[in-house]
Structure formats: structure tokens, C-alpha cells
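S.K.: Take a look at the letters that make up each chain.
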Amino acid sequence: MGMNGAMLLECKDIMFQYPGADTPVFKDLACGLRTPGFHALFGPSGVGKTTLARMIAGEIKGFSGQIASEQMNNILYSYNLERLPGWYSVGDHLAEITPSSNKDKIDDLIGFFGLRACLDSRFAQMSLGQQNRTNLTRYLLQDFDLLIMDESLANVDEVTREQIILKIKEMFPARCFLYISHNVLEVSKFCNQILVLRSVHKTPQAMSVVGQDYTEGKPLKKQDLELTMLEVVHAA
Amino acid sequence: MLHRRIYQFVIVYFLGLAFLLLIKYILNLSDYLIPGPQEIWRTACRVVPRYLFSVMDTLSVAVIGHILSICLATIVGIIGRLTTWVGSFIKVAAYNIQAYPIVAVAPIIFILLGDGLSSRLLIASMICYFPLLLSFVGILSEPVADIEQFYIATKRMNWRLQVKIRAFENITKITTVVVGSATLAMVGTIVAEFIAANAGIGYSIRIALYQSDLAKILVALFLIGTCTSLYLTCLEWIGRLAQKRWSVPRGG
Chain A
0 MGMNGAMLLE CKDIMFQYPG ADTPVFKDLA CGLRTPGFHA LFGPSGVGKT
50 TLARMIAGEI KGFSGQIASE QMNNILYSYN LERLPGWYSV GDHLAEITPS
100 SNKDKIDDLI GFFGLRACLD SRFAQMSLGQ QNRTNLTRYL LQDFDLLIMD
150 ESLANVDEVT REQIILKIKE MFPARCFLYI SHNVLEVSKF CNQILVLRSV
200 HKTPQAMSVV GQDYTEGKPL KKQDLELTML EVVHAA
Chain B
0 MLHRRIYQFV IVYFLGLAFL LLIKYILNLS DYLIPGPQEI WRTACRVVPR
50 YLFSVMDTLS VAVIGHILSI CLATIVGIIG RLTTWVGSFI KVAAYNIQAY
100 PIVAVAPIIF ILLGDGLSSR LLIASMICYF PLLLSFVGIL SEPVADIEQF
150 YIATKRMNWR LQVKIRAFEN ITKITTVVVG SATLAMVGTI VAEFIAANAG
200 IGYSIRIALY QSDLAKILVA LFLIGTCTSL YLTCLEWIGR LAQKRWSVPR
250 GG
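Those protein sequences? They're chains A and B, same order as listed. The opening position of the first sequence corresponds to residue 0 in numbering that gives the first Met the number 0, with each subsequent residue numbered one higher. The opening position of the second sequence corresponds to residue 0 in numbering that gives the first Met the number 0, with each subsequent residue numbered one higher.
Hints may be right or wrong, so weigh each one.
DSS-like, lysine-lysine: derived pairs with alpha carbons at most 27 Å apart [to be verified]: (1) A:Lys-60 to B:Lys-154; (2) B:Lys-154 to A:Lys-104; (3) A:Lys-102 to A:Lys-60.
Computed list of chain B residues with no C-beta within reach of chain A, every gap over 12 Å [to be verified]: (4) Thr-42; (5) Thr-153; (6) Lys-154; (7) Ser-211; (8) Cys-226.
Since the hints were made in silico from the structure, they are not lab data. The model shown is predicted, which means the values in this text are computed figures rather than measured ones. C-beta: ideal position from N, C-alpha, C; glycine also.
Just chain A, with the same shape it has in the complex (with noise of 0.2 Å):
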């Protein structure tokens, strides 16, 4: 569980207390990604998890620490209450939003989002599962080193969840995710690096966990994943 050894994205003894709070969110927090890949970063309500995942994304500031990265330029943070602008479609807003270099991305991700019959829809018109799937779907298709997805699948339904989750992993391997989720046997089963941030009264206040980094095609031990589980929920 420990974090040694040369570090993607490290934080380093972070300390930060919104204004008018009691007790600070973080202190002396210190958590880091090794590699690219899907990690997750996982813990109980109100542990700091949004709050970190805009510090990592540079929209919040004023904290003590330092926060680290290396080949980092493009950090992305995305989450699921998120809107389009009422008056695109969804096929002119995709259309308008893609970088050049990623617009052969969109016929095969709208496809596999089965997002292809909302196409001429506008946002409100969606269902929540269609809209968040919708919303990872423009950042998915914008040039990022690092894409932090807080609760971006919330509305997914379970199958369709996984089907996504394996099909980032597929399209984007050299690509770093940070997804943020509730689900244990999720974040164990799918990624590769598991960050479980805990009470700021707990030492230390970040473990990391090794998930199962399941793909499709690769053999999964249950014994292995439920072990797993129970490391991140034992270390929560």
C-alpha cells in the first residue's frame, strides 16, 4: 500500500480548510498515480473527493503542498450534474466541440454510447443516464492527459456502466482516468490504482490500493477480486 517510486500525478502534503470551516479537509494529505490507466479514486461522503479532484484539475486553490505532474498539460475534470447549452442538438454540439484530430472518435463513440438517437435532441429532452453518458462523451473526445470523471456514470445503468468503462480502457490505454464512484466492486474490479481518501482525523489520510485492472478478455479470479474489496473497504 505504500507510494513509492517515480509518480505521474503526486500530491504532497496538502493541507486545506474551505473559509468559514470548522476542520480542515486535508492535512498532510499525500496520494499520487504511478502509471496511466484507470484508477479510481474512492471513500465515504464528504472525505474531500470532489475537493481534490479540483484541486488535481487547478480549480481550486489556496492550499499548502504541492501537487505534481509529470507529461500532465491537459487535466480534465468532468462530473455528472453536467449541462449542454439548451440550444445546441446534441449531434451539432459533439460536432462543434471535437478538436479536428479527434472527430474520427466520434462516430464510434456516439455508437458505442448509444447516444446515436439523441442525435438531434436538445440536452433537457434526455434522460439522465443519455445525459451523463452525453456529457462524458464531449470530454472523452477533447485531447487530455488526465480525465478526472467525479460520479460521471451516476445515472448508468449497471451493464451499461461496465460496457463504458471497458470501452475507455480499450480506446484510451496510454491515457490517465481518475474516476471517483461509490461502487466497491466497480472501482476493485476495473481499475488499476485505487486512492482511498479517509477522514482527515485518520493516518494517513490516503492509501492506495491495487485494484484488479479487469479487461475484457482477461481472466478474473473472484477469490482475487474479493479481496480486493475488502482491502479498499478495510482501508476506508
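Please build the complex by placing chain B on the supplied structure of chain A, with the hints as guidance.
M.R.: Below, chain B alone, put in the same frame as chain A:
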């Protein structure tokens, strides 16, 4: 929509008129003070063509003043949404200045600009400008985080897009404020004409006041109400059209 506004106004107008006549008959007041229904009718037949022209004159000044105010409030609202000191200064200045009664400044405007069109236009604009500005600054300063997040994260956000997102998300509020301020534009123009102008229905009311001719004033009020209702209905129709074009039913 039009007939609703018109009949609401007609009901209120005739209730007011009935109340006046009731006072006249209860207190046995002379026709000189409160004219009877026949006298009001005769006056109406005599002055309506002239007064209608005056009301249209007033309405056109009010509409131009209103449009100027909307444009100005939009420009200042766009600058006022900034988080820099300029934005803060504009916000504070707008809140402070709007608390001052513009009508009190009107005599200065007439002294400086005379009693022509420019004074009427300026007073009409100023009276409806500040409520518009406060709303526009409020709407354009309020981030729509769940839509803006993507554009900020991907470094695509610019001021035009930000204004478009915020205006689009608040189109109902903007329509309501624009319709509400239209009444103020009409009030501002009439007040300006009443104080010192040389044209418009406010000027006609001032003349009628000097002649102590209440019948003429009542006819003028009827025409003002009817024309204002028409203008408001027109604005509401434009607002509904914009909302209908942009908004879509929710899915599930």
C-alpha cells in the same frame, strides 16, 4: 393575451370612473369639478383623434427610450459581470444611483437640453434603465456552473459565450424584466412631457390641467392605458416567441 390585458385595463378604468361618479353624486359635486358621463363622452368624441396622435407620439418616444435602455443595460451588464474592480465599481454605482429618484433630476435635464425630444427620450431611458441594469448585472454575473464547467475546463470560454449561456438560462427572467420596464418607460416619458415638454400626451394632460378639464384627463388616461397594454402585449409576444424557440420539453 391582448384581449386579457385590454379587458383587465377596461375593467379597472371603468371601476375608477364609476368611483369618481359615485363621489360626484353622493357629494353633489358640480360638473366643473367632476364632469358627468355625457360630458366625458362628448369630450372624448372631440379630442380622441388629437389625443390618439399624442399618445402615439409618447409611445414612440417610450419605445425608443426603452430600446436604448435595454442596449445600454446589456452593455453595462456585460462589463458589470466582470470580477475585476471595474465590474465591482459598476455594480456598486448602479445600486447607489438607482436609489436616487430620476424625476428629481428631470428639471436639470430640461434646463440643459430644452423641452424637445432629447429631454423626453433621456428621462424615459433613465427611468427604465436602472431596474433593467440591476437585473441584467445580476443575471450576467451569476455563473451557470454546470454548463460553463466544460468550456472553462477545455479553455474555450470567452465573454460572448459566457453572456450567451447566462442570458439563455435566464430568458424568462429577462423577458419579465423587459416587459416590466416597458411600463416604466411609458411613465418616464409621460412624466417628462408633464414637467416641461412641448408634445405628447403628458403635455396634453398638463394643458387639460391648466384648463381644469377632468374629462380630457380621463380620456387621455383611457388612451394611455390602452396603448400601454398594446405595447406590453407586443413585448410579451416577442418574449414568448423567444422562449418557445429556445426551450424544449424535459425528457425522462
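S.K.: Run every hint past the structure and note whether it holds.
M.R.: Hints and how they fare:
no., hint, result
1, A:Lys-60 to B:Lys-154, "holds, 17 Å"
2, B:Lys-154 to A:Lys-104, "holds, 21 Å"
3, A:Lys-102 to A:Lys-60, "violated, 34 Å"
4, Thr-42, "holds, 52 Å"
5, Thr-153, "violated, 6 Å"
6, Lys-154, "violated, 9 Å"
7, Ser-211, "holds, 57 Å"
8, Cys-226, "holds, 34 Å"
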